[in-house]
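Residue numbers (this note's numbering), protein chains in the order written: chain G, 151 to 422; chain A, -3 to 95.
Note that these hints are calculated values from the structure, not bench results.
No false leads were slipped in.
Partial chain A-side listing against chain G, Cβ under 10 angstroms, derived:
1) 20
2) 23
3) 30
4) 33
5) 69
Where is the CB? At the ideal position from N, CA and C, for every residue including glycine.
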Amino acid sequence: MGGKIVTITSGKGGVGKTTATANIGVALAQLGKRVVLIDADIGLRNLDVVMGLENRIVYNLVDVAEGRCKLRQAMIKHKLLPDLHLIPASQTRDKSAVSQSDMIQVSDWLRPEVDFVLIDSPAGIERGFRNAIAPADEVLIVTNPEVSAVRDADRIIGLLEAAGKGPGKLVLNRIRQDMVQKGEMLSADDVTDILAIKMIGIVPEDQFVVPASNKGVPVVLNEESRAGLAYHNIARRLNGENVPFLPLEEEDGFLRRLTRLFSGGNQLLKQG
Amino acid sequence: MAGLLERLGLLKRAGRGGSAASARERLHFVLLHDRIDLSPEELDRMKKEILEVISRYVAVESDRVDFALEHRRRDNLIVAEVPFSKQKTGPGQVGRETG
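Looking at chain A on its own, in the form it has when it is part of the complex:
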C-alpha cells in the first residue's frame, strides 16, 4: 500500500536520504577521478599552467584559488574558482596606463 501511495505522490519518498544517496555521491566522485585519468602531479601541473595564463591578464588571489572535478547532468567538468583583483600591475598593462 505504501508503494501505491508513494506512486500517487501522497507519501513523501524516503529514498533521498538512504544509503543509495551516498552510493550516488561516492560513485560520482570516484568516476570523475577514474575518467580524467590524471595523476595528482599532472593535475597540479595543469592547475599551475591555467593560473599562469590567467595571471597574464588579471591579478589572481592565488591563495584562494580552487579547482574541483564535478558531475552535472551528463557532463564531467573541471571547475575552477579563480578570484582576481581589479588591478593588474604586470607589464601587459603598463602600455595602456601610460598611453
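Next up, chain G with everything else stripped away, as it sits in the complex:
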C-alpha cells in the first residue's frame, strides 16, 4: 500500500492550514519519514513561502497535471531535510487547472516512494477542497476556538462524511490556556464535545509562530516553541504513536506562571 495520503483542510480561511501542513511535514521528516507536501491551493500558493522554498520553484502541480514536466522535476527538496519535498501550486492559474483524478494520479505515483503525502487544501467547500480530499486516506481539520471557525469545521466534517472520507481528526489551533481558564475562550473539551470528532493535536498560541513564517523556517524547528512541540506531537500521533495530551498543556501553563512570578521578582529587586 505504501505511503499515507493526509489532507489538511478547514473550511474557514486563516485558521492555520498551511502552517500546520508545513510543521507536521517537517516534524514527520525529523522522525525519519519520507514526506512530500503538496500545495493544492492553486492560484494562491503559500506553502512555498512558509517553507522558505519560494526561490527554488521551477515547475508546479499544474505543470505535472498537464504533462509539462516529470513529477520529480516539480519536487523541491528542503534545505535541511533531504527526505522532505514540496510540490508547489501554480500562482497564475485557478482551481479548474487541476482535477480530482489529477490529484489521485499524483498521489498514486508518490505512494510507493514516500511514507507520507500531506496535501494543503484551499479554504472553502468548492472544487479546490474536493480536489484536495479526493486522494486522502486521512483528513485533518484545522480550527481555532472561535464560533465561526468551529461552525465551518462542522460543515467540513459533514461534507467529509458524505464523501466517504469522514469524520477526520481535529487540530485545534491557537488555544490560550489563560483565556480558557478565565472562561473567555472555548476549551479543547468544548470543541470536541461540539464537533464530536477525535482530536489529534492542540496547538497553543505562541509568539514564535509569526517570526517563523517571517523567516520561512517552520516553528517546529525551534525547540523553545510550545506550538512547535504540539506539531511534533501531532506528527508522532499521525505516525501511530500514542502521545498523551494533558501533561504538556497543564505543566506548561503552570511553569509559565512560575517564570512570570520570578521574572517579576527580579525586576522588583533591580528597582529596589
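Based on the hints, put chain A in the right spot on chain G.
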C-alpha cells in the same frame, strides 16, 4: 498560583460565566440548524404533518404546541411538546364509545 488552586478545586472556576459560555450556546444553536438542513417552510410542513398524525389519536391543544431543536450530550434532537386533552371526539373513537 490561581491555576494550581483551581486545579485542586479550592477556587471556584470562573469559567462558566464568561463569553465562552455564550460561544458554546450559540454554536449549539447554529449547528443544530446547519445540521438539520431544512428550510423554514420544510420545518413548518414537518410540524404540521406530525400534528396531523397525533391528532388522529388524541385531541391536541394546537395553540400550545412547541417544536424545538436541542442538543443533549452527543445527540441532535427534535423535541416536540404537544399538550393533548383527554377527550377525543373524532371518528376514530366513536366506535368504541358506542360499542
